[in-house]
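Here are the chains, one letter per residue:
There are 2 protein chains.
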Amino acid sequence: MQVWKDYQAQHKDRFLNELLDLLRIPSVSADSRYNQDTLRCAEAVKQRLQEAGAEKVEVCPTAGHAIVYGEKIIDPALPTVLVYGHYDVQPADPLELWHSGPFDPVIKDGKIWARGSADDKGQFYMHVKAFETMVKTNTLPCNIKFMIEGEEEVGSANLGIFLKDNKERLKADVILISDTAMLSLENPSLDTGLRGLSYMEVAVTGPNRDLHSGVYGGAVANPATILCKMIASLHDENNHVTIPGFYDKVQVLSDAERKALNSAPFDEAEYKKDLGIDAVWGEKGYSTIERTGIRPTLEVNGIWGGYTGEGSKTVLPSQAFAKISMRLVPGQDWLEISDLFKAHFEKIAPAGVKVSVTRHHGGNPYVTPTDHAGYKAATRAVEATFGKAPIPVRGGGSIPIVSLFESELGLKTILMGFGLDSDNLHSPNEKYGLENFYKGIETIPYFHKFFAEQFKQ
Amino acid sequence: MQVWKDYQAQHKDRFLNELLDLLRIPSVSADSRYNQDTLRCAEAVKQRLQEAGAEKVEVCPTAGHAIVYGEKIIDPALPTVLVYGHYDVQPADPLELWHSGPFDPVIKDGKIWARGSADDKGQFYMHVKAFETMVKTNTLPCNIKFMIEGEEEVGSANLGIFLKDNKERLKADVILISDTAMLSLENPSLDTGLRGLSYMEVAVTGPNRDLHSGVYGGAVANPATILCKMIASLHDENNHVTIPGFYDKVQVLSDAERKALNSAPFDEAEYKKDLGIDAVWGEKGYSTIERTGIRPTLEVNGIWGGYTGEGSKTVLPSQAFAKISMRLVPGQDWLEISDLFKAHFEKIAPAGVKVSVTRHHGGNPYVTPTDHAGYKAATRAVEATFGKAPIPVRGGGSIPIVSLFESELGLKTILMGFGLDSDNLHSPNEKYGLENFYKGIETIPYFHKFFAEQFKQ
Chain E
0 MQVWKDYQAQ HKDRFLNELL DLLRIPSVSA DSRYNQDTLR CAEAVKQRLQ EAGAEKVEVC
60 PTAGHAIVYG EKIIDPALPT VLVYGHYDVQ PADPLELWHS GPFDPVIKDG KIWARGSADD
120 KGQFYMHVKA FETMVKTNTL PCNIKFMIEG EEEVGSANLG IFLKDNKERL KADVILISDT
180 AMLSLENPSL DTGLRGLSYM EVAVTGPNRD LHSGVYGGAV ANPATILCKM IASLHDENNH
240 VTIPGFYDKV QVLSDAERKA LNSAPFDEAE YKKDLGIDAV WGEKGYSTIE RTGIRPTLEV
300 NGIWGGYTGE GSKTVLPSQA FAKISMRLVP GQDWLEISDL FKAHFEKIAP AGVKVSVTRH
360 HGGNPYVTPT DHAGYKAATR AVEATFGKAP IPVRGGGSIP IVSLFESELG LKTILMGFGL
420 DSDNLHSPNE KYGLENFYKG IETIPYFHKF FAEQFKQ
Chain D
0 MQVWKDYQAQ HKDRFLNELL DLLRIPSVSA DSRYNQDTLR CAEAVKQRLQ EAGAEKVEVC
60 PTAGHAIVYG EKIIDPALPT VLVYGHYDVQ PADPLELWHS GPFDPVIKDG KIWARGSADD
120 KGQFYMHVKA FETMVKTNTL PCNIKFMIEG EEEVGSANLG IFLKDNKERL KADVILISDT
180 AMLSLENPSL DTGLRGLSYM EVAVTGPNRD LHSGVYGGAV ANPATILCKM IASLHDENNH
240 VTIPGFYDKV QVLSDAERKA LNSAPFDEAE YKKDLGIDAV WGEKGYSTIE RTGIRPTLEV
300 NGIWGGYTGE GSKTVLPSQA FAKISMRLVP GQDWLEISDL FKAHFEKIAP AGVKVSVTRH
360 HGGNPYVTPT DHAGYKAATR AVEATFGKAP IPVRGGGSIP IVSLFESELG LKTILMGFGL
420 DSDNLHSPNE KYGLENFYKG IETIPYFHKF FAEQFKQ
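Residue numbers (numbering that gives the first Met the number 0), protein chains in the order written: chain E, 0 to 456; chain D, 0 to 456.
For the record, the hints were derived by calculation from the structure and aren't laboratory data.
All residues carry an ideal CB built from backbone N, CA and C; glycine is no exception.
There could be a bad hint or two in this list.
[To be verified] Here are the simulated lysine to aspartate or glutamate pairs, EDC-like style, with alpha carbons at most 16 Å apart:
1. D:248 - D:338
2. E:228 - D:235
3. E:353 - D:277
4. D:228 - E:236
5. E:11 - E:434
6. D:228 - E:235
7. E:228 - D:236
8. E:438 - E:12
9. D:353 - E:277
10. D:11 - D:434
11. E:55 - E:167
12. E:163 - E:405
[Unchecked claim] Calculated Cβ distances over 12 Å to all of chain E for the following chain D residues:
13. 7
14. 12
15. 16
16. 38
17. 76
18. 134
19. 160
20. 243
21. 253
22. 382
Chain E on its own, in the form it takes in the complex (with noise of 0.2 Å):
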């Protein structure tokens, strides 16, 4: 709409300004170091709610970081959208390969180039910013509530109970989230699924100190190398998962299902050459495409154990660890799927060390129906804006707290992101384009007209 148009062109500037005073705040949730930031940014979130037109808002304070409620309530017979957004930010380390600071965003290339520019701050303040425009338009074509927390990149752990304790003030019709990807700006896309999340942490105790490995090497099991052997076993020479159930309750698509998600445009050659790699690896009889989007995963997030210093020193370590995480299809239970990879891996430690295995946090998959009003207004919205029908495909991260809302909330989930797959979430220079940012600035208030509308017929 013109009106819409007119007062974003007005105030793209502000728009921009205001999210990269948010990317200032470092707000590492995973980092206790940077709580106190964490909370600073909470606040700000509760500021420009405010600003923006939101009633009741408020930073709700949880056993960790706290949640941001705002809403604006225009006529309780209209339906109600709740857009859920995180303001918390993966670590950034390692420092040493960002071209810029992750927390003082640069404009280059017509890229916001910051840690949390696309995951989720870049992406959460479009709707902010997008509901500014209809409520100072007076366009609002129905109410809004916002849910912004601040433990999304370390498990949501506290968002469960907050759904529980505020399920009167939560009340909606459907919940609309920007934190995924789209194809690219020239095919946009709608993800119809995304994968669930076990995360575990493993440590094997080997000595009860670190040997001199001259002493001792070669007749005491050496944690690292236990470790190693451990991890190595985790995956056939098909690349198969060998824990005992892993895929037993996969749910496997029709060939029609996975034709069509194989229709979706893919350049592998290009794949290969963004990433630097000389080969894909992935599951034996499978594409890309379904190795990220459809078939669960096992990665080693990190390692480490015994001397990782400058120059070489001969021990023996006492201990190794690492962080190893799973990513779930539907049918697959990620608590289910936790204790199959616990007990698997404590039974499959030799004699001669210890193994402890912790969960850290995970979540279930979830599937998006193409036939709710929600995702038929995103695909009109989308087509407003872009001039062309979104791509349904299956995404390969996780939010775990989508299956959370469905089971606290009874809410049905739209995800409709704006960010690129090469977006570098999670890595060193993480950007979001400007033209993904106003794009999806200007594409959400279709949203919110077109979902109202199927309520009026």
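Given the coordinates of chain E, assemble chain D onto it according to the supplied hints.
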């Protein structure tokens, strides 16, 4: 001799306090942040040698850490013993596991607790005090030269050049080193051999940046997983090293030699209890004594990659690294084994990753001829002060420069160590027994006496 006993009894406490002063200097050769302390330690050693009666004492600069030289030539016609030791120490981390500061020596339970107390400050300093004893009591039976270096813990990279450039100055009849352990004070032993060493570092590189493990997980080779698989493949199910040619030149001992070796007192239950392990580990078909004495081994000394901080990060790392060292036995050449390792490790790298292998340092194995005048003198010296003949054993550790002494100076080395395997060398809470320290100072003069006597005959 009574005169030695009296002198040492009289100066007992000063001997110890001087050692404690040396232990307070953090001469960590592997860490350039300690370069100033390492040089300060060399200067301290120089001063102590001069005080003890050495002449022409000099801190000799090298491309790396300095070498301290000193000598006392009483008669060119008499035999000369070249005493080698090292004033540098291993890094102290992990610091949190130390019960007291690694460089704040503490006397407790009859032991000196500090980094370097046994390896090697406490042991080379016994020679300085034994030398002082003979000088001050006018009983020096032969010429003595000291060469105390500062790069033993990082591979003695510059010692070879020093030997080449100082052949004349270093002329001697035997080299004497105390940098090894004996079975116990009740069961004194002498090392008849040492294992060689090849210390390598490997890097596995996958994608050109850390990736989101959800977006890319399952479709891109994970360097941490690949590194684990590669390391796991280096030992087969019998814990034999799988590198082609690794065992080809290993000298096989006769059944009689193995029987003699295994006759040394060894209590496996006690061994496991001391280390807190429920089972020993190692190459099938060999005893613990053989696994650490006469068999080559391969150990992971350190491994790291991905996110290793607090909490969780769903990253697929761009790189993973490991420090891997091999202990070698007579017959194996460390440069040849290093090349075999490099060739094999590069060969087993799968598509999708790049592997780089670099050599840190190493040295060849060594065997002491038991009919050598020096070995006989050491045996008699131990008998004189311990009241029983030492048990000949094969040491599992490495002093790479021992084979260098033979090739460059044409000299045999006598390994008269007074430490214990339980001294926590290279580990937190390194210690050295007060009795071991004083027993060494008491024994060493007899070595020189008996060594010199053999030349008179």
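Hint check:
Using a Cα cut-off of 16 Å, the hinted pair residue 248 of chain D and residue 338 of chain D holds, with the two alpha carbons roughly 14 Å apart. Proposed proximity of residue 228 of chain E and residue 235 of chain D is supported: the alpha carbons are some 10 Å apart, at most 16 Å. Taking the CA atoms of residue 353 of chain E and residue 277 of chain D, the gap is near 9 Å; set against the 16 Å cutoff, the hint holds. Simply put, residue 228 of chain D and residue 236 of chain E have alpha-carbon atoms about 11 Å apart, close enough for the 16 Å limit, and the pair holds.
Proximity of residue 11 of chain E to residue 434 of chain E is assessed by CA-CA distance (about 11 Å); at most 16 Å being required, the pair is judged to hold. The suggested pairing of residue 228 of chain D with residue 235 of chain E holds, with an alpha-carbon distance near 10 Å, which does not exceed 16 Å. Pair hint residue 228 of chain E plus residue 236 of chain D holds up; C-alpha atoms about 11 Å apart against a cutoff of 16 Å. Annotation: proposed proximity of residue 438 of chain E to residue 12 of chain E holds, straight-line Cα distance about 14 Å (limit 16 Å).
This hinted pair checks out: residue 353 of chain D and residue 277 of chain E have alpha carbons roughly 9 Å apart, not beyond 16 Å. The hinted pair formed by residue 11 of chain D and residue 434 of chain D meets the criterion: a straight-line CA distance of about 11 Å does not exceed 16 Å. Annotation: proposed proximity of residue 55 of chain E to residue 167 of chain E holds, straight-line Cα distance about 14 Å (limit 16 Å). The straight-line distance between the Cα atoms of residue 163 of chain E and residue 405 of chain E is roughly 12 Å, inside the 16 Å bound, and the hint therefore holds.
Remark: the non-interface label on residue 7 of chain D is consistent with the geometry, its nearest Cβ contact in chain E lying 29 Å away (cut-off 12 Å). At the 12 Å boundary, the C-beta of residue 12 of chain D stays outside the reach of chain E, the nearest C-beta of that chain being 30 Å off. Against the 12 Å criterion, residue 16 of chain D stays outside the reach of chain E, whose nearest CB is about 28 Å from its own CB. With 12 Å as the threshold on Cβ separation, the claim that residue 38 of chain D sits away from chain E holds: the shortest Cβ distance comes to roughly 17 Å.
For residue 76 of chain D, the condition that its CB be more than 12 Å from all CB atoms of chain E holds, with the nearest at approximately 39 Å. Here residue 134 of chain D stays apart from chain E, with its beta-carbon at least about 34 Å from theirs, past the 12 Å limit. For residue 160 of chain D, the condition that its CB be more than 12 Å from all CB atoms of chain E holds, with the nearest at approximately 19 Å. In this structure residue 243 of chain D is separated from chain E by more than 12 Å, as the shortest Cβ-Cβ distance comes to about 19 Å.
Here residue 253 of chain D stays apart from chain E, with its beta-carbon at least about 21 Å from theirs, past the 12 Å limit. The claim that residue 382 of chain D lies off the interface holds: its Cβ sits roughly 25 Å from the closest Cβ of chain E, which is beyond the 12 Å cut-off.
Checked against the numbered hints above, the structure breaks none of them.
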